[in-house]
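Given the coordinates of chain A, work out where chain B should sit on it, guided by the hints.
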Amino acid sequence: MYLDKLHIVLAEDDQDDRLLFNNVFNHVKINHTLKMCEDGIELMDYLRNSEDVPDIIFLDLAMPGKSGIECLTEIKKDERLRDITIAIYSTTSVKATIEQAFILGANVFLKKPNEYDELKKILTEVIYINWQYITEGFNKENFMISY
Amino acid sequence: MNLHLRYNLDKICRAVLKEQLDKFGFRYSLSDSACVYFHDQIPDDKYIRLYETLQKYGIEILDNKKAVMVQRVKGIISNMLDNCDVPLMKISAHLSNELGENYRTIAQIFSETCHMTIENYIIMCKIERAKQLLLNEALSLTEISYKLNYSSVAHLSNQFKKITGLTPSSFQRIAVSRRHFKTTMLN
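Same order as they appear, the protein sequences are chains A and B. Numbered by numbering that gives the first Met the number 0, the letters in the first sequence go through residues 0 to 146 in order. Numbered by numbering that gives the first Met the number 0, the letters in the second sequence go through residues 0 to 186 in order.
Bear in mind the hints are in silico, worked out from the structure with no lab data behind them. None of the hints are false.
The calculated lysine to any residue pairs, modelled on SDA-like cross-linking and capped at a C-alpha distance of 25 Å, are: (1) A:120 to B:108; (2) A:139 to B:140; (3) A:139 to B:178; (4) A:65 to A:125; (5) A:139 to B:119; (6) A:120 to A:93; (7) A:34 to A:113; (8) B:64 to A:131; (9) B:161 to A:137; (10) B:73 to B:99; (11) A:120 to B:161; (12) B:181 to A:44; (13) A:28 to B:122; (14) A:94 to B:153; (15) A:139 to B:177; (16) A:111 to B:161.
Chain A residues, not near chain B, derived (Cβ > 12 Å throughout): (17) 15; (18) 32; (19) 38; (20) 40; (21) 69; (22) 116.
Note that the structure is a prediction, hence the values are computed from the model and not measured. Ideal placement from N, C-alpha and C gives every residue a C-beta, glycine not left out.
Isolated chain A (complex conformation) (with noise of 0.2 Å):
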């Protein structure tokens, strides 16, 4: 398959934090768009609103409104989102809290480092190894990476 271009979405509802990670898709060589939502209610407002189905949404846990596990289950039980990938990210890592996202469907559960570069590293990682799933047609039920 050839991708044209990546399409992410962010949901994060701190403002510094997004600034952040805007900064670090920056640097990803694949050619990409990035939609930034600044909660959960954005986020489903417009994943149900737009036409394209984002490729990979990066979702904060903790959000005011709707916590990113509340729009896991729903964009879940969506049967015209449910592939798209979901790497969930958290400032605390709880064994329970990574595997109920994982048996809800995320692919990615990643801790959030306090070093930008370690920060740069995964994202980056995450992305590119998305990129595999979708060209190489590997069976996404089975994507699962905990950082």
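What follows is chain B alone, placed relative to chain A:
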């Protein structure tokens, strides 16, 4: 007797291109700058056939020479993994032989195009296969490590953890719950 000719190379190229593109039945438009605009998506197999056909006339598809090589590399790797008796140590030599290029060039083009080194790509393919085998064939980790040509179960186990962040047994347990959840809750 000598017949002296003068060619218009641009015209010749365009005529050849048109003739060949029409044979494929593509909908396209030709621009002045040696660029063909296709109105529809082209399936991969047609792409490769077009590439080969045009090559006979000395016309090279610039963007996809690399893509075609990468496709061949992936095909060779996939074959090697299918015939699990091939030692993976020899992959670089094998690729180089098959493609008639030196390995450094192949590796560089592969990384540029796939955003991943050949070595990491092979590891990823092997771990994907290990996941499939764990879940679908109900093979033990020992059997899987043998099938995928790992030197030991520990080696497979470590690599699995390194790539996925999960141990094979955690992965298996979570994946089973995940499938169960998907079938019962979503349908």
